[in-house]
Amino acid sequence: MLKITNLQKTFNPGTVNAKTALSGLNLTLEDGDFVTVIGGNGAGKSTMLNAIAGVWKPDCGTIEIDGVDVTNMPEHKRAQFLGRVFQDPMKGTSPDMEIAENLSIAARRGTKRKLVWGIKKAEREQYKQLLATLELGLETRLSSKVGLLSGGQRQAVTLLMATLKRPKLLLLDEHTAALDPKTASKVLELTDKLVNENHLTTLMITHNMHDAIAHGNRLIMMHEGRIVVDVSGEEKKKLTISQLLGLFEKASGSEFTNDKVMLSK
Amino acid sequence: MAFLNALPGAVAEGLIWGLMAIGVYISYKILDIADLSVDGSICTGGCVCAVMLANGSPVWLSVVAAFLAGVLAGILTGLLHSAFGIPAILAGILTQLILYSVNLSILGSKSLVAIDPRANNLLLHMSNNPRSIVSAGLIIIAVIILLWLFFYTEVGLTLKSTGDNPDMSRAQGINVKLNKVIGLAISNGIVALAGSLLAQYKGSANINDGRGAIVIGLAAIYIGLSVSTKIKPNFVVSLIGVIGGGIVYYIIYNFVVLLGLKTDYLKMLSAIIVALFLAVPYLKGEYFAKKQPIVITDSSAENSTGGDVNA
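Going down the list, the protein sequences come from chains Y and L. Positions 1 to 265 (my numbering) are the ones given, in order, by the first sequence. Positions 1 to 311 (my numbering) are the ones given, in order, by the second sequence.
So here's chain L without its partners, still in its complex pose (with noise of 0.2 Å):
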């Protein structure tokens, strides 16, 4: 019973993580970027958006300058990266450790800022999760159609084939280095926008919020993934999967407390369940791999270069 009155709770917080997840879908699965600093940006969304609702902006506003925010912390990367040559995973960590200034300095220096559900109109709340779940399910339709529309645009398709494919997009004339400054920033300002939304469910926005949300987000892609390439290995489908993923994930991890886990465990948790979500894969790979006979074909022979027996 206890489970089924969380249920609600975790529909809307998970709906949240899962819009997390599909900014770090972008990064992770389609620019091939493991992308730190999201720990950071998704942290900026709350920040912006408290700080705002508590100077008295209206809530779309406050929203828009969170993914705005985010936008920004994205494009930072991104240069450290593309303009600075350093590798994306470093690039990543030291946004999100420049992104912890600048957090603390956005909170006026404090932990943490509260919102007040009843001074301000806020999209959602944990009070009332019927219209959380609505609110943050009408934003993620938003932004599913809007990614939709832009991965088919001849802009989007650079994007796609700048992950896939480096060499033959730079031999197809696309500025990759521009190309994963513009993924970054999409996939940041998305953080960033869950986190403004996160930061209302909860009433505060938090100077250690966000940390480990790359490997929630990691949770939410592997869980959705391995169901939706199942049924349809496309763009949309993939994205629905990653907030299921993302439902999922709050769903097992609500049961889990509920079960007695002490909650210091739970980072650990989240952690687990990414880590047998690559190994299962990667060890059943290599379980299969034994039984096989060993074949020397031609192209293996001539080939030295490795790499590309993945044909």
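So here's chain Y without its partners, still in its complex pose (with noise of 0.2 Å):
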């Protein structure tokens, strides 16, 4: 579904602040595989989500989504094949218009639009039995504008929008990283449901080593722009933190710090 090839990147080459993001990335991602990320501060997870997005160019290598090479077509074509949801929950949505309109928008993803009406009356009724499965009460709010929802609400919105047109590939870079735990833990209930449901091949990143691994069906670690541990299966479910530490340890040849990772242990 996705194939990563000795993908490099560098911030601000050539000066005093380049800074190696992305060292000879590989990876592949079979179809329905739901991959959680997590890895150390400056390790290239969100930068590694961002090249799949196509939000600038890799130095070299290739990313392929389905067959498709996508290295070099820009963001709002390659938007057609992925759900993104971001960290910041004020980013995926419309502050200023309708709950339903940013719902329209979304059900157009990849699609030519035209000047056709933009919501039709049978997506309405549509849209508000998916709001109602949310149970956050927002079914009676499709007018209402997405701007006075709160983060978790509009996190929450976000998602549906990266699922309501099935996404090849669904990108989650942290994105209950700036929630509280309650609405977070919803938020994560959420994803899986949807995950299941609609058998979406899924990146999420995590600061949680917990959430990662208590979802998805592979985890995967990074450091200085490459992944250092990749366990799947069986290996995966049994995983332990203090397991999953020793392995960074011995993959990287340095201690793990992530102040936030560490933080929420």
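Keep in mind the hints are simulated off the structure, nothing from the lab. Please note that a few of the clues may not be correct.
[As the list claims (entries may be wrong)] Below, computed lysine-lysine pairings styled on DSSO-like, alpha-carbon distance capped at 27 Å:
hint : chain 1 : residue 1 : chain 2 : residue 2
1    : L       : Lys177    : Y       : Lys112
2    : L       : Lys177    : Y       : Lys114
3    : Y       : Lys57     : L       : Lys177
4    : L       : Lys29     : Y       : Lys145
5    : Y       : Lys121    : L       : Lys232
6    : Y       : Lys112    : L       : Lys110
7    : Y       : Lys128    : L       : Lys232
8    : L       : Lys230    : Y       : Lys145
Could you fit the two chains together into a complex? Lean on the hints.
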């Protein structure tokens, strides 16, 4: 489903601020893989997701989604394959537009938009039912501006938007990091539900080791722009945090450092 | 009494500037771009219309041509910004400067081309204010209906989201760059349309018309929205509010002139109105912010990224 080959990216090359974010990253995801991504500060997790989404072009290497080489495809064209949820709950929705308008824009991801009415009547009904499944009381607020919702509500709506039109790959960039613990676990629950129901291939960055182990069928750990730990299947199910830290130290030859991860352990 | 006598003229001219402000609303409020090319494109609209009328074109054709000239100006700004990566403010300034030369050449290197109201069946002219008000009003109604229809289409919604949240828009497969070009084209088209009406109303197109137009447009927007958002913050009500803002602006303007303000200071007056409307909400916020106790929440401690504090 996703094939990344020898991906490299250096920010500010040739300056004192040069920072190698990805150094020969290789990753292949099978159809239906739900992969959790964990790593230290500046390990390249978000950089990897942004590279897949096409926020900027890599220095070298290729990215294929479902057999299509998207390395040079602009971000908005790549969007046809991708569902994305950002860390910042403000980033995934249009605050000054209604909930229904946001959803209708997401429902047309990857299709040519025409000069026809932006939201059809039947769609509103469909959105109402979908919003009801969130159990956040949003089904009665279809015409409310998204900017009036809380961070957790917005993140839930963003998740819906990312999956409304089934993406080939779902990219979740620490999408619960900015939420309070209770809301975060609710959004994660919703994530599991949507991923399982739609059988979505998913990459989920998290700073929470428990979540990384509890969710998905595969776990990768990044260090200095590469993947250093890759566990899946039965091995992953039995994994503990101390084992995971041990694996990391063995593979990277350094201690695991991520303030957020250590604080949330 | 003098004030009442001036009222119909103020309303007519206010309607024209209100239409112009709707153009500014599209770039400034919807696309979130302060597009300074409108100072040039309003003049372009007037020049195209005046010269075509002087050459015997029918009035409707001259108005349509003025609109299209504005569309081209908007496309130019859009391309300078989107295709060549020039910051939007600078792209607008460059277009404005380019348009000054273009406008001069349209006017045939003269600084003024007069329109003879007797030779042409003008849509509006200052000698007939009731007719002017009706004509401008009908055009405005047509423009508002078309915009209302457009901004609720699939394409129109993506234009709104482009200005509101470009990150989300790109993630949803929207070509943000193209949308900015489209939006600026529509915006400048409407501004030039207003320019063609203004030239007819005044009976001439002058190379200096439109200087500071953006400020008048913004004044109309702020005056209008200060009322309309309290009634109902939807698209059509906002547009009607902007038109109202244009009229109120011109009534104030005429009033101040009658009070004896030297016309030299009128542009300064426009700027002061806009500055006041921008400064008052800001100062209010500052004042109330000081009174609030400092609360440290989980999310503000965790989010060092800033910019997302206005949840």
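Cross-check of the supplied hints:
Simply put, lysine 177/L and lysine 112/Y have alpha-carbon atoms about 16 Å apart, close enough for the 27 Å limit, and the pair holds. A C-alpha spacing of about 17 Å is found between lysine 177/L and lysine 114/Y, which places the hinted pair at or below 27 Å, so the restraint holds. Only pairs whose Cα atoms come within 27 Å are accepted, and lysine 57/Y paired with lysine 177/L is accepted, the gap being roughly 17 Å. For a cut-off of 27 Å, the pair hint linking lysine 29/L to lysine 145/Y stands: about 16 Å separates their Cα positions.
Our distance criterion of 27 Å between C-alpha atoms is met by lysine 121/Y and lysine 232/L, whose separation comes to about 23 Å. The straight-line distance between the Cα atoms of lysine 112/Y and lysine 110/L is roughly 47 Å, outside the 27 Å bound, and the hint therefore fails. For the given pair, lysine 128/Y sits about 24 Å from lysine 232/L by alpha-carbon distance, which is consistent with the 27 Å threshold. In summary, the hint linking lysine 230/L to lysine 145/Y is supported, as the alpha carbons are separated by about 16 Å, within the 27 Å threshold.
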